[in-house]
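Asks: Spelled out, the chains give:
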Amino acid sequence: MDTLTWAGGIGAFVNPALSLAVLVFVLGFVANLAMTIAGMRPGPLVVNADHSLSPQRGPVDYALLSMKYAVLVLALGCAAYVVGGLVLADPQRSGIIGAMSARLMPVWTALVVMFVLSIAFKRRLGLYGKLFDSPVGMIGLGLAMFWVFAAVFADIIAPHGPIDVISQMRNAKPGSALPAPGDGQYAWYLLGGDNLGRCVFSRMVHGAFEVLKIAPLATLFAFMVGITLGLPAGYYGGKLDTGLTFLANLVLAFPVILLFYLLVTPEIVAAGIPNYLSMVMFLFPILFVAILFNARYRTQALRRNLIVGIIIIVGGMAYVSLISNASDTRLPQLFRLWPEALDLFDVPGNLLIVFVSVVFVNAPTVFRIVRGLVLDIKTRDYVAAAQTRGEGPWYIMLWEILPNARGPLIVDFCLRIGYTTILLGTLGFFGLGVSPESPDWGSTINEGRRLLTVHPHPALPPALALMSLVLGLNLLADGLREESLKD
Amino acid sequence: MAFFILRRTGVMILTALCLTFVVFFLTNLAPNLEKLAKTQGNARMSDAEVTSWLDRNGYGGPLVVRYGEWLGVVPGWVRFDEPTGEWRGRCILRGQSPEDADRFCGLLQGDLGYSTVSNAEVAAIIGGRMALTGVLMFWAFAVMVPTALVIGIMAGMREGSRMDRALSTFSIGTTATPEYVSGVVFIILLASSQTGLSPLLVDWGWLESGTLFLGSARSAMDGVTFWNFTLPVITIAFYGIGYIARMTRASMAEVMTAQYIRTARLKGVRFRTIVLRHALRNALIAPFTVIMLQIPWLLTGVVIVETLFNYNGFGWTLVQAASNNDIELLLACSVVAVFVVLVTQLISDIGYVFLNPRIRIS
Numbered sequence: 001m002d003t004l005t006w007a008g009g010i011g012a013f014v015n016p017a018l019s020l021a022v023l024v025f026v027l028g029f030v031a032n033l034a035m036t037i038a039g040m041r042p043g044p045l046v047v048n049a050d051h052s053l054s055p056q057r058g059p060v061d062y063a064l065l066s067m068k069y070a071v072l073v074l075a076l077g078c079a080a081y082v083v084g085g086l087v088l089a090d091p092q093r094s095g096i097i098g099a100m101s102a103r104l105m106p107v108w109t110a111l112v113v114m115f116v117l118s119i120a121f122k123r124r125l126g127l128y129g130k131l132f133d134s135p136v137g138m139i140g141l142g143l144a145m146f147w148v149f150a151a152v153f154a155d156i157i158a159p160h161g162p163i164d165v166i167s168q169m170r171n172a173k174p175g176s177a178l179p180a181p182g183d184g185q186y187a188w189y190l191l192g193g194d195n196l197g198r199c200v201f202s203r204m205v206h207g208a209f210e211v212l213k214i215a216p217l218a219t220l221f222a223f224m225v226g227i228t229l230g231l232p233a234g235y236y237g238g239k240l241d242t243g244l245t246f247l248a249n250l251v252l253a254f255p256v257i258l259l260f261y262l263l264v265t266p267e268i269v270a271a272g273i274p275n276y277l278s279m280v281m282f283l284f285p286i287l288f289v290a291i292l293f294n295a296r297y298r299t300q301a302l303r304r305n306l307i308v309g310i311i312i313i314v315g316g317m318a319y320v321s322l323i324s325n326a327s328d329t330r331l332p333q334l335f336r337l338w339p340e341a342l343d344l345f346d347v348p349g350n351l352l353i354v355f356v357s358v359v360f361v362n363a364p365t366v367f368r369i370v371r372g373l374v375l376d377i378k379t380r381d382y383v384a385a386a387q388t389r390g391e392g393p394w395y396i397m398l399w400e401i402l403p404n405a406r407g408p409l410i411v412d413f414c415l416r417i418g419y420t421t422i423l424l425g426t427l428g429f430f431g432l433g434v435s436p437e438s439p440d441w442g443s444t445i446n447e448g449r450r451l452l453t454v455h456p457h458p459a460l461p462p463a464l465a466l467m468s469l470v471l472g473l474n475l476l477a478d479g480l481r482e483e484s485l486k487d
Numbered sequence: 001m002a003f004f005i006l007r008r009t010g011v012m013i014l015t016a017l018c019l020t021f022v023v024f025f026l027t028n029l030a031p032n033l034e035k036l037a038k039t040q041g042n043a044r045m046s047d048a049e050v051t052s053w054l055d056r057n058g059y060g061g062p063l064v065v066r067y068g069e070w071l072g073v074v075p076g077w078v079r080f081d082e083p084t085g086e087w088r089g090r091c092i093l094r095g096q097s098p099e100d101a102d103r104f105c106g107l108l109q110g111d112l113g114y115s116t117v118s119n120a121e122v123a124a125i126i127g128g129r130m131a132l133t134g135v136l137m138f139w140a141f142a143v144m145v146p147t148a149l150v151i152g153i154m155a156g157m158r159e160g161s162r163m164d165r166a167l168s169t170f171s172i173g174t175t176a177t178p179e180y181v182s183g184v185v186f187i188i189l190l191a192s193s194q195t196g197l198s199p200l201l202v203d204w205g206w207l208e209s210g211t212l213f214l215g216s217a218r219s220a221m222d223g224v225t226f227w228n229f230t231l232p233v234i235t236i237a238f239y240g241i242g243y244i245a246r247m248t249r250a251s252m253a254e255v256m257t258a259q260y261i262r263t264a265r266l267k268g269v270r271f272r273t274i275v276l277r278h279a280l281r282n283a284l285i286a287p288f289t290v291i292m293l294q295i296p297w298l299l300t301g302v303v304i305v306e307t308l309f310n311y312n313g314f315g316w317t318l319v320q321a322a323s324n325n326d327i328e329l330l331l332a333c334s335v336v337a338v339f340v341v342l343v344t345q346l347i348s349d350i351g352y353v354f355l356n357p358r359i360r361i362s
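Heads up: the protein sequence lines correspond to chains Y and U, in order. First residue of the first sequence? That's 1 in this note's numbering, and the numbers climb one at a time after it. First residue of the second sequence? That's 1 in this note's numbering, and the numbers climb one at a time after it.
One chain only, chain U, in its complex shape (with noise of 0.2 Å):
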């Protein structure tokens, strides 16, 4: 088990590795650093100044070095300015002299950069909005987890029912329906004053005034409430439940042909029982990885769901790094999406493994 966890882990950090630095080179091409020249320095820069800008700035030396460089095994670039005559470099603060300053600085050390479009430390950007980006994956679990859970198990108890066929059929509806549609549809239906439900119900005078739900997740930042914080949450899981609920119902039918099963019915045990006691347990298994795989999925949901609802989160971080040019704040950003990625993967394939008796590795 050690050492499946170990090799695990080790193939992990390698796709790490290899994938940072893919996105490394896909941010720091020829075309990118050019751009952030133009607007760092001024925007009629030549060719020639463009390079002695990136020169100056660390931008210069081979991709393979600056890469080690992010990452924290190679020294930090250190360099004399002739113009101002300070020595400036990776690791040097606005006049710090070389020898006080850091060698290395980079993501080992916990340095993530500095965000050239909002003049702040990228780590403190992050963490800010990955912390609200945490409370809406939280209630979007909350609720996704448990309802597809639920929606699972009625369709596969009774495999072919007509309950079962009705909530398939709302399974299926729902993986058709990405963020971008539900989204759209909730706020119409829920968050207008002009069509759908809240004119309705002020005309009926169950509504003060207003509408039923609000349509933009802006004021959630400060503080979540049932009114401001629905939509989001609900739009991201609507799209999540159906694929849940569709895999816990696969396991749950394949569970109730068990033998074990017929052998409780044959002996009079209540269906009630047989299902929540004998079968739930087992059914269980396979939907845990399915659930540890959504997480990834859910990256994608809170990016458009975030940007919809204007909430600043995480996802919308990206959106706004990777359209202004902000090269180490995308870095960054991509760092945290693709390390959620693959610790979601270890976690679910070690559970599944923890989980299921039958799965012995030697």
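Chain Y extracted, bound-state conformation (with noise of 0.2 Å):
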């Protein structure tokens, strides 16, 4: 087996095209700024004699027009590389580029389908089939969606498992054969090896599992706490406003890193502070769902019993095995009471202090946004009416005044994912993360900076697999608020 090159057989074709078009682009660029520099306008629109509009096209316009069309031919050539690798199929011939499309086989089959069926019902779907107006919004969601569909296929498009190590292939360049492959292994390390010879690619696959499983859920919770918390803070106002609020700055004042390095380390963890966090911080999402749905029923009694009773069976189980671990030594008496028989499931302990800090840190800026709308939408007509009905408070909060604040709050989750998926980056980037073995991306990107100026390509992949997510996420945001604020 011979070491693939990058391009492949591809690249023959497409490469030139795509120089052309980086140097057309450039090029058109440079003469656009020159000539808007010198004064140059866009040429005029001419009415024609059937009253017809048509642009007459100057020099700016066909400097604009060059670069348009060089994008497009580097869109339609990265596009051949995907399809070269999916037609090849033969790694050999389709270079890593294509290798690694067709690895990623599943993850293209999923945005296909998503893409059409969305477009297809986008007239039906509300907010979401609204964003399919918004290139930016498009652009955004396919980033965001194709990390979250090779998060779901990881098993399926890593060639390798995260820490699967072959000792010959230690620092190995991107496209390196595998010394001696086994029957059924992918005989090549894509995009290189790390510094202990584990496949970067494979880790880079399974990392976006690592992260995508913590960030949106931990997200979530920061949000039912700030949102439990903030309603009653905005609507009531007085001393519990001044309180809480005053609790959140305290939080916002600390620096993050500080805070992290404070939480995150073992002799905290065996004191058990974030035990004692996350018993306080998880008991918000269950107090949240109960709530909304005893102030939907208050007026029917059985079915309201039934629900919040069922909300607070299952949930109340799932809080305890979650907090409590029974067979861990090292946790406080308090979390070891819970028989061992009855505990669902174990969350590792690493696991739980990353995710409880990161909620914690998220949570008071959340709370502020809530509180911040709540002001502003208690003092409308239909809270004003509701309270007249006799509704109670909470019912005005929740089933009033929540689903009127949806469009900022929507807006700031896609935000606050992208920020939650840097600061666990962040944790891993000092060691910090869920474990040292782990192949999150800041794990990977704080194990590859050792040698960063003699092999570049452990370090790399991670990083910018990162930044694609985070920019997803950052789009995907903008793109709903522009069109949030059409309707």
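Calculated directly from the structure, the hints in this document are not laboratory data. One should not assume that every hint holds.
Computed footprint of chain Y on chain U, listed as stretches where at least three residues anywhere in the stretch have a Cβ under 8 Å from a Cβ of chain Y [unchecked claim]: (1) 177-186; (2) 294-303; (3) 318-327.
From the derived model, a few chain U residues whose C-beta atoms are all more than 12 Å from chain Y [unchecked claim]: (4) 48; (5) 100; (6) 131; (7) 262; (8) 266.
Note that beta-carbon positions come from the ideal geometry of N, C-alpha and C, so glycine has one too.
Dock chain one against chain two, each of which comes alone in its own frame, and use the hints as you go.
Replies: Shown next, in the form of structure tokens:
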């Protein structure tokens, strides 16, 4: 087996076209800039005899046009690599990029299915459907969903396991062939090997799962905490508001990095602080859902009792299973009381700590946003109408105010997932992550940075992956904001 | 106005007290102290020995009293040590008699304690490190603020134009690139002799040998040069640019739709004059707050960048103190960090009121 080249056979046709496109784009940009500075403007619109308008093209227009087509060619070239990799199937012919595209087959399929279905039914899909009217939103959604699907299909996509070590492949260059590939084993390290001889590409894909396992859920929990506290703070005001705002400002004034260092060190973990924190934090989601349905079905006692009862039993079981772990002798006695037989699942200690810290850091900001929105919305007429109708305060907060605050909250939710991803990366970067061997992006960057100037290939893929995911989420939030402002 | 500042300062002091107490509590938990005793005494101490060591060295009392001692509002502990026949205490230097020593020695007296790992006064360590970080922050701000303001104003002056869209996409891009990503990319592109631009430039004969920039800022501690300090500075600045630029853009776009701008346009004032004379001053009020609030945010960036580029400033010290269980040093670091955060918040609040004539505090 030979070492793979980047472009393989596809490059022979596509690379010249790509270089040409880049050259034309740069030339067009420079020409456009020079002409604009020189004071030239795009050509005016001319009214034809039949009262239609047609643009009269000047030099500036041609420069812009050439840039537009260069971008189009660039996009087509990239698409050619993806399709080429799928069609050629043989890595030796399709090169590294083509081979990666072939491995990512499930992602492409899922993305195409999702986009076709969404665009077909976009008028019936509410705000989500409107997203497909905005190019920025579509690009953002595409980037974000790319990594979501990569995480879902990680086991199919990754050619090797995240911690499979082949010692001859230490710091191997991208496209290196395995020394003695076993039967059915993928014969290359597509993006090379890291300093221990693990496949960088596989670790990047598995890292997507590690990151997306925590970030959205942690953000959701932060939102539940923030909403449950922010609604009454804004609605009632007074002493409650002053107290909660002071607490939120207290957490916000804490430098994030210091907080992480204080919360995620082994000594603090041994003292059980994160467990006490999670004991408080995880109470809020149950509280939130229970109050939500209690407020809704307050008038139908039987139905209310049934629903709230189920929530409390199921949520309560999950809650005690989550926070307690009878077999872990390092924990304080309080967290080992719950019998092992009734303990549905155990969350590894480190994961719980990282999760709780991230929720803890995000919740105050959400609280402030919710509080601000409530202060604004509670002066509206429909709130006054509900008050006159004799609705309870929690019904008004959760079923009158909250749905009307959803726009800004959804936008912030997308942004906050990105921010949480960055926070998780920061934790990994300082070696405070889930576990030392974990393939999450922050930890991989941290491992790769030691030999950065000599072997750049292990650190670069996770760095770019993290950037593209966060960029996707930011663009998605931007698209959502734009579209939600249009109604 | 005076009452407003007074009340804000009061809240700030209360916040500072709460935060330092939390940090004190978290750094003085039983496992931390046990580890401290074992690294200072010997690693195989029994539990009873650990307790007696902690008692002898002043870690025995109740937490609140020790916090008071650290703060300097409770007299420092004094104890007669049986085995050595000496008086020992928080404020007593070795060989000093208890009558000569100060009664209080804590944060308020300017005594930050003693770093157990590097065997030096914390105040001496922190001072030098802060100066180094100050230099880094200064240059980062000097690059970040003008760049961000120019980008934001260019994008906001014609909302929806092609330039606006290009610059806004760039700003979103930078906010999606945390320091540990941009730092890694910059090092690979500009500071590696194997990949990126440097080997190309050497090939073309534009560069003697070596790399375009230095990937480590260790030498910048002795003297800052363009070669060794560019990468850390632009790495910090890059992440912050996007946020400030977006705020400036939003503020500029809002001002450009105002009535008085339309009046000026209808009177035939040149576009350039409108932007520079009429719009700019009002558009810069909101970014001021954002820039001030950016400082605490930069703190995280400083820690990452100093670790990545091996620059032994404040952030690097914080990481070292936290990972070596150097309790007093970590406490001092957090006091500085909390102080920076709270003071910038105060300044941004007061500054906003001063700058914005529409807000009056009665």
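Asks: Decide, hint by hint, whether the structure agrees.
Replies: How the hints compare with the structure:
1. 177-186: Holds: 6 residues of the segment 177-186 of chain U have a Cβ under 8 Å from chain Y.
2. 294-303: holds (count 4)
3. 318-327: holds (count 5)
4. 48: Fine: 19 Å to the nearest Cβ keeps residue 48 of chain U off the interface.
5. 100: holds (36 Å)
6. 131: holds (19 Å)
7. 262: holds (22 Å)
8. 266: holds (21 Å)
Consistency with the previously given hints is maintained throughout, with no hint failing.
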